[in-house]
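Could you put together the complete structure from these sequences and hints?
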Amino acid sequence: MPQFATIAISVLFDGLAYAMFLFITSVGLSITMGLMGFVNLAHGAFAMAGGYIVVSLTRSLGIDIVPSLIISSVLIALVSIPFERGLYRRLYKATDLEQVLLTIGLAFMAIAAFTYFYGPIPKSVPLPPWLQGDVNLGFRAFPAYRAFVIALGVVLIAVLWYAFEKTNIGAKIRAAVDNRRMAESVGINVDRLFTLTFALGSGLAALGGGLAIQLFGLTPSFAVLYLVLFLIVVAVGGLGSLKGTLVAALVIGIIDTGGKYAYPQAGNFFIYMITVIVLLIRPAGFYGRE
Amino acid sequence: MAASETRTMQTARERAAEYLVRRHYFVWPEALPWVIAVACFFIFPDRMTFGSQVLIMVMFALSLDLILGYAGIVTLGHAAFFGIGAYTVALGFTRLGWSEPISGIIAGGVLAGLVGIAVGWFMLRYRALTLLMLTIAFAAMLQEAGNIRSDFSGGYDGLPGLSFDPLFGTFDYDLYGHTNYWYVLIVLAIVFFVVRRIVYSPFGQALTGIRENVRRMHAIGSPVHRRLVTVYAISAAIAGIAGGLFTQTNAYVTLTVFDFDISAKVMVMLILGGTGRLYGAFLGAAVYMIMEDKLSKMSPAFWQFGIGLLLVLVVMFARRGLLGIAEDWARKFKRGRA
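Same order as they appear, the protein sequences are chains A and B.
Position 28 of the first sequence, counting from 1, maps to 28 under my numbering, and the rest follow consecutively.
Position 182 of the second sequence, counting from 1, maps to 472 under my numbering, and the rest follow consecutively.
In short, the hints are calculated from the structure, not lab data.
Hints may contain errors.
Unchecked claim - Covered stretches of chain B, as calculated for chain A (at least 3 residues, CB under 8 Å):
#	region
1	409-421
2	426-432
3	585-594
4	601-611
Said to hold, decoys possible - A partial selection of chain B residues facing chain A, derived with a Cβ cut-off under 7 Å:
#	residue
5	Val364
6	Ile438
7	Ile561
Ideal placement from N, C-alpha and C gives every residue a C-beta, glycine not left out.
As structure tokens, then:
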């Protein structure tokens, strides 16, 4: 029994770290998709780019990982704005197919460019001593890096929840997700709101990409490989829902970690099975609107 | 005044009627891809294995055109059916010793079609992102299932050393793939004429109606869901046949046939050529495969960047694909002459 409990706690802990990574990376995608219904397959590319900026900052410039993560997120958020203004904006009213094609084209270009500059071999970053080894939480020790990811995730959830539910701009975003036309007719500038959330979402994706380096190893194909997971979290949680994204990230992160522990050769099989079951029962996801 | 108006109306109506009667007639440019395919046999006799692969991708892209171009179903998991066909033929050989090629691809097509009915019946009630995710997840699930039973499927190492009987017991496979090229070309021709027949039938018209305006099709009492499932199953069967031919051509198959990349690639081919116009699949698959063959040897990263840029440019400036551009030019040319 104690052995079972030890395993259960490890699985829960790793699953939680995985879920926080999924939440941080996917939440922006969920909100931008909820706002504009835009199918953005280049989201993974922003995450991948963010990860590589962290690699460059830490390894070439010797900056510590935490400031690197912040710099990279801000940088990607800024870089994403011209993409949104120049390319995405023209396709808001286009069909799903055209949005899929444009963004998958961008993802391919990003993968190719980063393969050219960084090579296809997985990268790692040097960690400061306080993120190496284990951290003791009284009753047992946990890997410090994963504990850091979980703590960061919890802080971000709190901040996002506050911004979403308690501030003026959050109210505007919720109104626009709910009913875009109505929001526009009461004078909310949904266009600008979208640019803002797009930049924020891309920045968070970059943060997720930076965190992923030490969790899974970073290669250029990260942009497509993990994209499917982000899309699953968004679709299962429901478009434009903060709560939905969090619940979906937790369900998928923990069940997948448990499944892989119990049945290692299954790979991502459990994730896809959950996705199919949830979407067949609730096509709009946990908290999405039909 | 009234008389002339009636006359113009009548002529307009006659012209419309004539268009409807004639639009499925063969016109001479349609012979062009077939002439080129036959000519390639004589011009590049030593590249026939590559030639067969191009024809297989044409067939795969054609199957996607049926659901994407005509019925408007956006899928990123069509590799699922390609893979089912490929593995039906491969496992038929390794498990049952089934080495007759033609019955092999028929079995692959039938099985893929049946799975298409089952899966389509569930999935095609949904739209947009939900549908897209379900198609991706289904293909990925098959791949993971294959990996779990890698003792059975050969996993990512694949099932090598497949060999098949001579066609009709007489035409043996040769080292250069000459027999295989003709075999694939003839199967493609049969499939193509079936697809062409479907597209110009009332059923095909109903599909276009669903693509353009689902609500109206519901309103006029069209059985939308049944039609979508039917076309999805037909498309799946064709993808299955293409997959079976793929296994027979390479005498080898791995789980990578279920890759997301394959689903994305075939869509890119179709978009490049032009959707909803049958021959878009021919042009798109041929151009893509030849460019990939040439450019990826130079630099894979360069090639991938190019294909991404091409997609962005197509979406921004040429939404109807290469054939769309060709049509615009042809129209301009005609107007210039008139």
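Just to make sure I understand the rule, a stretch counts as covered if three or more of its residues have a C-beta closer than 8 Å to a C-beta of the chain. Does the region 585-594 of chain B meet that for chain A?
Coverage by chain A holds for the region 585-594 of chain B (5 residues, Cβ < 8 Å).
Count the residues of the region 426-432 of chain B with a beta-carbon closer than 8 Å to any beta-carbon of chain A: does the count reach three?
holds (count 5)
Do the numbers back the hint for isoleucine 561/B, that is, is its least Cβ distance to chain A under 7 Å?
6 Å, holds
If you take the shortest Cβ to Cβ gap from isoleucine 438/B to chain A, is it below 7 Å?
Given a least distance of 5 Å, the restraint on isoleucine 438/B holds.
Claimed coverage, the region 409-421 of chain B by chain A - three or more beta carbons nearer than 8 Å
Contact hint for the region 409-421 of chain B vs chain A: holds, 6 residues under 8 Å.
Residue count check for the region 601-611 of chain B against chain A: does it reach three with CB-CB under 8 Å?
holds (count 6)
Measuring from the C-beta of valine 364/B to each C-beta in chain A, is the shortest one below 7 Å?
5 Å, holds
In the structure shown, no violation is registered for any of the earlier numbered hints.
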